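These protein sequences, in sequence, are chains F and U.
Its first residue numbered 1, the first sequence is counted upward by one per residue in our numbering.
Its first residue numbered 1, the second sequence is counted upward by one per residue in our numbering.
If you are wondering where the hints come from, they were derived from the structure by calculation, not from laboratory data.
Bear in mind the structure is a predicted one, so any value in this text is a computation, not a measurement.
Cβ atoms here follow ideal geometry from the backbone N, Cα and C, with glycine treated the same way.
Hints are supplied without guarantee of correctness; some may be wrong.
Unchecked claim - Footprint (simulated), chain U over chain F, 3 or more residues, beta carbon under 8 angstroms: (1) 84-93; (2) 114-127; (3) 131-142.
Unchecked claim - Looking from chain F toward chain U, a few residues come up when the C-beta cut is under 7 angstroms (computed): (4) Y8; (5) S9; (6) L164; (7) P197; (8) K199.
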Amino acid sequence: MARAPGLYSRVIAWAKIVLPLVALALLSTIFLLSDRREPMETVPFVEALQDGETTREGVSAPYYSGKTQRGDFLTMTATRVRPQSDGRVVADDLAAAVRLTDGSEILLDALSATLTDSTETALLEGGVRIRSSTGYTLDTDAMTTVLDRIEAETLGPVSGAGPLGTLEAGRMRIEASGTGGDVQLLFTEGVKLVYQPPKEGSSAE
Amino acid sequence: QQGAQVQFGGMQQDTRAPVEVTADHLQVNQSDGTALYTGNVIIAQGEMRLSAPRVLVVYAEAAGRIERLEATGGVVMVSGSEAAEAERADYNIEAGQVVMSGNVLLTQGPNALTSERMTVNLEDGTARMSGRVKTVLQQQDDAQTGGGQ
Numbered sequence: 001m002a003r004a005p006g007l008y009s010r011v012i013a014w015a016k017i018v019l020p021l022v023a024l025a026l027l028s029t030i031f032l033l034s035d036r037r038e039p040m041e042t043v044p045f046v047e048a049l050q051d052g053e054t055t056r057e058g059v060s061a062p063y064y065s066g067k068t069q070r071g072d073f074l075t076m077t078a079t080r081v082r083p084q085s086d087g088r089v090v091a092d093d094l095a096a097a098v099r100l101t102d103g104s105e106i107l108l109d110a111l112s113a114t115l116t117d118s119t120e121t122a123l124l125e126g127g128v129r130i131r132s133s134t135g136y137t138l139d140t141d142a143m144t145t146v147l148d149r150i151e152a153e154t155l156g157p158v159s160g161a162g163p164l165g166t167l168e169a170g171r172m173r174i175e176a177s178g179t180g181g182d183v184q185l186l187f188t189e190g191v192k193l194v195y196q197p198p199k200e201g202s203s204a205e
Numbered sequence: 001q002q003g004a005q006v007q008f009g010g011m012q013q014d015t016r017a018p019v020e021v022t023a024d025h026l027q028v029n030q031s032d033g034t035a036l037y038t039g040n041v042i043i044a045q046g047e048m049r050l051s052a053p054r055v056l057v058v059y060a061e062a063a064g065r066i067e068r069l070e071a072t073g074g075v076v077m078v079s080g081s082e083a084a085e086a087e088r089a090d091y092n093i094e095a096g097q098v099v100m101s102g103n104v105l106l107t108q109g110p111n112a113l114t115s116e117r118m119t120v121n122l123e124d125g126t127a128r129m130s131g132r133v134k135t136v137l138q139q140q141d142d143a144q145t146g147g148g149q
């Protein structure tokens with residue numbers, strides 16, 4: 001039927017053409033004009049999966065305790081232990097505590113440790129902290145220890161504080177050699193101790 | 001008891017200065033905590049140097065303090081320009097005193113003194129020698145009559 005004359009009908013007729021075009025333009029801003037972004041990139045992937053972490057099995061928070069022939073107690077804990085293909089075991093954040101028959105105690109904390117069952121030895125590396133109940137707190141880079149008896153040796157220089165002052169040495173060995181088999185800390189290859197006598201009078205304190 | 005009072009080191013020494021002990025080996029006994037330094041041990045404090053093949057550290061009752069160092073096996077002590085030798089020396093850090101015993105030989109410039117025991121007080125730089133003190137004075141030959149003591 002013919003369109004009725006008048007301004008109102010003309011406005012409506014134009015509106016019927018212009019409004020869908022505007023709607024079309026608005027719609028296209030969502031699809032045509034939006035920036036190209038690969039959806040896969042934005043998804044946060046776990047880094048650990050990249051090197052096939054899941055395929056290897058491991059034990060978290062392991063606890064090992066044992067006793068040497070001499071009767072000293074050895075306990076070891078770590079945050080995570082992963083067996084290697086060649087039968088060795090790698091432990092992260094190993095904390096070993098040796099409680100000796102004479103009541104004293106030696107604590108070893110290492111960033112990572114490789115334990116070899118065949119030779120009953122462990123290689124502690126990545127920075128080892130040695131604390132002895134006689135008041136020694138020493139740091140070294142790496143250290144080898146024997147698991148079934150009291151024997152350990154640092155691979156490099158060791159430095160830290162003793163009960164008397166700061167102490168540095170080229171190498172340190174822990175072994176049960178002294179008279180009566182009590183455990184000795186042997187510092188070798190040059191030892192230097194700096195002792196600061198207390199400031200106040202000798203009789204004070 | 002009579003003995004000879006001599007000047008040793010000739011100056012006051014701060015007995016509270018840090019004591020440095022260097023050696024080839026150190027053996028610490030885990031059960032009783034004794035520390036034994038072996039292999040040309042040198043104990044140094046301020047001007048004083050004391051060297052010996054073996055030094056045992058004796059702790060004071062209070063934790064973390066050395067009462068004295070026992071140097072044995074032939075000790076040489078140098079302080080300033082003087083030197084003293086003996087078989088054994090007990091360096092009491094607390095009291096700032098070194099007791100040398102076993103045919104002590106003290107050399108001061110040309111002169112030499114020997115005795116059985118010598119107690120060196122580091123604080124005022126004096127030493128008291130006792131036990132058969134013998135002094136050997138070096139005769140000034142005529143050539144340097146100008147110089148001398």
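Hints and how they fare:
With 0 residues carrying a beta carbon less than 8 angstroms from a beta carbon of chain U, the segment 84-93 of chain F misses the three-residue requirement, and the given coverage is violated. Counting residues of the segment 114-127 of chain F whose CB falls under 8 angstroms from any CB of chain U gives 0; the rule of at least 3 is not met. For the segment 131-142 of chain F, the proposed coverage by chain U is satisfied: 5 residues have a C-beta within less than 8 angstroms of a C-beta in that chain, meeting the threshold of three. Checking F:Y8 against chain U: minimum C-beta separation of about 103 angstroms lies over 7 angstroms; hint violated.
A least Cβ separation of about 105 angstroms between F:S9 and chain U goes past the 7 angstroms threshold, and the interface hint is therefore violated. Checking F:L164 against chain U: minimum C-beta separation of about 6 angstroms stays under 7 angstroms; hint holds. Here the hint on F:P197 is kept, as its CB sits about 5 angstroms from the closest CB of chain U, short of 7 angstroms. At its closest, the beta carbon of F:K199 sits 6 angstroms from a beta carbon of chain U; the interface hint therefore holds under the 7 angstroms criterion.
Checked against the numbered hints given earlier, the structure breaks hints 1, 2, 4, 5 and satisfies all the rest.
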